[in-house]
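The lines below spell out each chain.
There are 2 protein chains.
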Amino acid sequence: MYNSAHNGFTASVDRERLISPRGIAVIGASRDSSRIGGQPIKALQAAGYTGGIYPVNPRYEEVAGLRCYPDAAHIDEPCDLAIIAVSSAHVLKSIRDCSSAGIGFAVILSGGFRESGESGAALEHELLEAARAGGVRLIGPNCQGLVNFPNRVFAAFGSITGELDLPEGPVSMAFQSGGFGFAIATQAAAEGVGFRTCISTGNEADLTTPDLLDVFIDDPGTSICAAYIEGLSNGRRLIDVGRKALEASKPLLVWKGGNTESGARAAASHTANMTGSYEVFQSAFRQAGIIEVFDVQEMVDLFKVFSTRRQARGERIGALSISGGSGIVFADRAIRDGLSLPEFGAETARKLAEIVPTFGSAANPIDITAGVFNDMGLFERALEATIEDDGIDQLAILLASLPGAAALSAARVIVAVAERTEKPVLVGWSVRRDRAEEAYDLLEAAGIPIIPTPVRLAHAAAVSSRWATQRRTILARPQWADTEDAFPVLPETSRPLDEFSSKQVLADAGIGRSVDVLMPCDGAPAVAAECLTYPLVAKIVSKDIAHKTEVGGVKLGIATPQELDRAVQDILASVARHAPEARLEGILLAEMVADATEALMGVVQDPCFGPVVAVGLGGIYAEIFGDVSFRVAPFDEDVAREMIFELKSLPIFQGARGREPADIDAFAETLAQLSQFAWYHRHRLRELDINPALVRPATLSATGMRGGIVIADALMILSDVTTGGHVRDSDHA
Amino acid sequence: MYNSAHNGFTASVDRERLISPRGIAVIGASRDSSRIGGQPIKALQAAGYTGGIYPVNPRYEEVAGLRCYPDAAHIDEPCDLAIIAVSSAHVLKSIRDCSSAGIGFAVILSGGFRESGESGAALEHELLEAARAGGVRLIGPNCQGLVNFPNRVFAAFGSITGELDLPEGPVSMAFQSGGFGFAIATQAAAEGVGFRTCISTGNEADLTTPDLLDVFIDDPGTSICAAYIEGLSNGRRLIDVGRKALEASKPLLVWKGGNTESGARAAASHTANMTGSYEVFQSAFRQAGIIEVFDVQEMVDLFKVFSTRRQARGERIGALSISGGSGIVFADRAIRDGLSLPEFGAETARKLAEIVPTFGSAANPIDITAGVFNDMGLFERALEATIEDDGIDQLAILLASLPGAAALSAARVIVAVAERTEKPVLVGWSVRRDRAEEAYDLLEAAGIPIIPTPVRLAHAAAVSSRWATQRRTILARPQWADTEDAFPVLPETSRPLDEFSSKQVLADAGIGRSVDVLMPCDGAPAVAAECLTYPLVAKIVSKDIAHKTEVGGVKLGIATPQELDRAVQDILASVARHAPEARLEGILLAEMVADATEALMGVVQDPCFGPVVAVGLGGIYAEIFGDVSFRVAPFDEDVAREMIFELKSLPIFQGARGREPADIDAFAETLAQLSQFAWYHRHRLRELDINPALVRPATLSATGMRGGIVIADALMILSDVTTGGHVRDSDHA
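If you read the protein sequences in the order shown, they are chains A and B. Sequential numbering from 1 applies to the first sequence in the numbering used here. Sequential numbering from 1001 applies to the second sequence in the numbering used here.
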């Protein structure tokens, strides 16, 4: 399921040469500059690439004024990168030649591999074997190539080879759709974003998107990393790379496409139905501090904000507008996205009251009104007072569509004020560039981001602030909360475990506790229940019955032995009527748990991420309201608590409307323990659905170990011992 | 609460002259063209306004080469509009002069009225009286003015008077924030949107945003109406205008700002707490077919799509991309926003299979690959096959960042194909205009919208398609479902009605039914319950206890008279402990309703919209998950059903997980009846909270009239008879 054995780089490869090659071979060089084998040569020459360019084609002595080699093996100059543009049948030989010539990287533009069917897949496999044997790392095949703007490396074909004048900058990006990825880059560039390296990853036979993000993080010239992905062979590697990006303080932005495809997911229980793998992706992004983005403009705005490299210390923002409406829509979006616009301190308020006219507003968001530009000293004092307020972590200045001379004066003041603070200063401004060229230049030179609408500015400020907070939180935690503890072995069966067996396994693993007795169908209920305290619940136990309530297999609130006798008779009669074929293991008798909040806990095997833990409100509500949070296992109590606090139903656990607050400490502890269990048994545990887990009131739980959580129902599905194993140990970096 | 008496125009005023005046007076004319009294004169002259310009200022004989009048009363030429730029103290006199001169409209730029405090408010009131007496309609005061681009009317000040070259077009817009509104217009214009009339509405002393939207709808040159609003004095008028826009087939886009302000709402119950008036606004937008927008780019995209005036017949879209990723992110967003990308018909599939290369995809979204541009005939056949498919209502063509000659050829083909169909054809394309000028011109001339990203295109296509559907639905309904039926009079009290009285009022009004008995606290429970069928529920009744469960005031599942005795004792003891001060009216005994789904129904008085009905899942879930839908009362069963179908919890009512499906017909009928009741008693009914209403299974409800809904708990708050009255009858158009 995972394809991880060769992910990552070995220490022996000089990764920098991928984006800064000393020489570039073009295998399948063409004299026709419109052909795939001609486009990169033309682009490299026109762009002013200063390394050696080595066309390879046995038919020519010379291409585009350059010496042409019969094969790559003959290249006798330092050469680190090969662009391969020959038909699929000849790629294998090209790779072997690269190996002979000591070329460490090959960008394979050629198609005709895995994407074109079975024989192509076989060819791709052969290719990969040859590359590994020969020490050549591959981009592609079936990709549009690699571009590094500062080094003038245009190892690509398509419209990007006509975009030689795109601005250089701090952003490096990998994408799983070539044409679309380069279109994103082109469009972002048109909005003033500078790029460093862009790589179309194609089939990812060897190097994957996370591998390339890893390269970007290590690249000193890259301060912002981005990717467009549709799927991953090993999601855990992305999480690891995400953490590495946080450590390097380089924001990692990921756009995930293909989220409405139904995809191939085998799990059949309700928890699994909710586990759209897109939701798992989103959880993994949160877990790794990766910023999910949804469109090009949003990426552009974030690129601009992150380019400043200033990080807000918290979510408190001051806003100062020259038109009431812009401050209002800014505040609407800022608050929706998690920022706060606090009241200013007394000193700030006093200063602002002197500056802001009565028809404006001195509260946050400030409406200073356009009249302020009659006296730029007022504008400067207002900005200064606001940014110096201790209760403010960053400042947004909303200039509406201010043009001309006023704009230039405003820009000068903003630059001056921004220089005197460490806090982020952002500008919302929609005037056309040609109406205020000088002001734009001034702000850009000072590294102050300009975003065209108040709403987009608010969103970008919120995302960057959230990232800074997430970064601090995640870096304060161990990378994976992998326990040293061993868990008991699992039963050797591949049939679903019944409720009683599932609960036993969980109890042995120290995950919650159960207070129940399994009675044979022909047993004596009152005798079986002797060690239990009424009221009780009685439930049918059968591997053939997934949803017990639907067949009348559950009776609650049984108060006396007489009621218990009646309840057992009713259950057996109802089950015989509704599920006559079901094989019955018996009837489970359990103590009722008073005042508890019903939760759902589950484990699914995600094709990208392996074992994933889910939590939500119990019963049908989690499903109906889509209120489930996920994390990739294993994790610790901190992460478990974060999951619980993400739930919209959190107030119910916290004691909404006079309820007893539930024992959230025990809940988080149990969830973390479950995640350890899921990771330890990842080779066997296919699916686990605990619904409900009863989270008892916090006030009662102080007495017992893990006493807070009672497993009221559970269903566990294991893989066969021999075929089991969803995740290899090597996947866990 | 409502300020409606003078909303709307009387038939006697020629409304067209507001935007197409024969002459314009500038009262407070200045020779300094940078001053407020100088800017409009300069702009009118520079813009080439062809009507008469009449400066008014007793200090001058001539201004800017024009004859200057000592006061407006002396203007002896046809003049329809006055721009008033004098200090607030002189505005009143100016309005009287306008009246004398027969000037029907005044745009008051001057500030110093309601926005500046009490004396300003008094002045504004006086002003309004004079205007009404003199037959002058007002824009403002405290506004930035009015601009009509085709007629070259620049009755405004500020940066818009420097934007004389903005393109003309079909959009008219009113906004409650002048600087921000004109900034939106400027920015939209920079993205190629043409405007007709833009009006900054200021304090809206006389003409309000809905009044002006009404003018736009009647204006033949306007085909798209838009507004930025922060509040409304009479929300119902907006709903009426919304319907009028639907009838005229003119989309009405509204951006609502100021939604995070807590605002002044008095209601204290939980239903009221959830009734953020922003949610009511959003419901009203849906009710009236108004399109809510959230940022400038989104407005721009919708302006472009609506400019084509083609309406999709349904939500099924075909997408054709030249790069896989763009089709994928298009599909993600399209589906999220309510479109579907159906499979193509057999004939279409056959044609596409011949055209699309194997490394592309012939399924929807089609990835035709960039290679198609080697043979434009293939591209044309692919487009044609897709658009002709009967299962497709509109077509999105995603060109990524295709530049140059290929782009021009593609544009030619797209224009040709679009001419042969009535279905909307939209283009997603991100290349810079200067890389494909001719192609842009060609598409724009043919009225084909070009939107820069696939995601924005998907959203715009979805919104326009949803609007077309909503329009058909709403126009098929009566405007207000105002019943002729009288409802019984309400009790004459302003204290909250207790549960029992509230239920009686509802029963008398034919809203659901109750099966219960009110017993005095010292009564004999078993005797009181003689006419009821066990199991029962017992509940404390006290005006001083809002949340009965929280004081132990409710017992469920009482199976026998003995249990009932115990339950009543327990309740009285618990209430005495938890609420010793509460005055008790008695204990309510009611039959338990089996298998019912608990719903919440409520009525609140919204300051903008008057009586509003809420519905949601009962208990605490509606509040926790924010799953409540609202509609402005009164409405019919169709609308009630729409409300129910909006709920995320709908599956619970429909019988999720083996439950009995609830009687949604009766639910909708009861809700509609409640809305009639709320409207009929709008002068008295301050608040009503029915929680829970028990919606019984559909299978049982066939027996009785409105038998499907049992009111299990209700709390009603009435206004005092003398002070009551939240809504005047005149508000109901």
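Because the hints were derived from the structure by calculation, they are not lab data. All C-beta atoms in this analysis are idealised placements derived from N, C-alpha and C, irrespective of residue type, glycine included. A hint or two may mislead.
Here are some, though not all, of the chain B residues that point toward chain A, as calculated from beta-carbon distances under 8 angstroms [as the list claims (entries may be wrong)]:
| id | residue |
| --- | --- |
| 1 | S1119 |
| 2 | G1325 |
| 3 | E1354 |
| 4 | Q1504 |
| 5 | D1544 |
| 6 | F1625 |
Residues of chain A placed beyond 12 angstroms of chain B at every Cβ, according to the derived structure [claimed, not checked]:
| id | residue |
| --- | --- |
| 7 | Q45 |
| 8 | P58 |
| 9 | E115 |
| 10 | A130 |
| 11 | G135 |
| 12 | L341 |
| 13 | S430 |
| 14 | S501 |
| 15 | L532 |
| 16 | K648 |
| 17 | D665 |
Worksheet item: Should the interface hint for B/S1119 be scored as holding, given a Cβ-Cβ cut-off of 8 angstroms against chain A?
Response: Interface hint status for B/S1119: violated (12 angstroms vs cutoff 8 angstroms).
Worksheet entry | Verdict on A/L341 as a residue remote from chain B, using beta-carbon distances over 12 angstroms | Its Cβ does come within 12 angstroms of chain B, the nearest being 9 angstroms, so this is violated.
Worksheet item: Does A/D665 sit more than 12 angstroms from chain B, CB to CB?
Response: 21 angstroms, holds
Practice prompt. Could you check if B/F1625 really has its C-beta closer than 8 angstroms to a C-beta on chain A?
Written response: 5 angstroms, holds
Worksheet item: How about B/E1354: closest beta carbon in chain A under 8 angstroms, or not?
Response: 18 angstroms, violated
Worksheet entry | chain A contact restraint on B/G1325 - CB to CB distance below 8 angstroms | 3 angstroms, holds
Fill in: Minimum Cβ distance from A/K648 to chain B greater than 12 angstroms, as the annotation requires
6 angstroms, violated
Worksheet item: When you look at the beta carbon of A/P58, is every beta carbon of chain B farther off than 12 angstroms?
Response: 26 angstroms, holds
Worksheet item: Would the least Cβ to Cβ distance between A/S501 and chain B come out above 12 angstroms?
Response: 24 angstroms, holds
Fill in: Distance rule for A/S430, whose beta carbon must clear each one in chain B by more than 12 angstroms
A/S430 is in fact no farther than 12 angstroms from some Cβ atom of chain B, at 4 angstroms.
Worksheet item: For the hint on B/Q1504, does the least C-beta distance to chain A fall short of 8 angstroms?
Response: Where the cut-off is 8 angstroms and the nearest Cβ of chain A is about 26 angstroms from B/Q1504, the hint is violated.
Fill in: Given as non-interface: A/Q45, partner chain B, CB spacing beyond 12 angstroms
Label holds. Min Cβ-Cβ 20 angstroms, cutoff 12 angstroms.
Going through the hint list in order, the structure does not satisfy hints 1, 3, 4, 5, 9, 12, 13 and 16.
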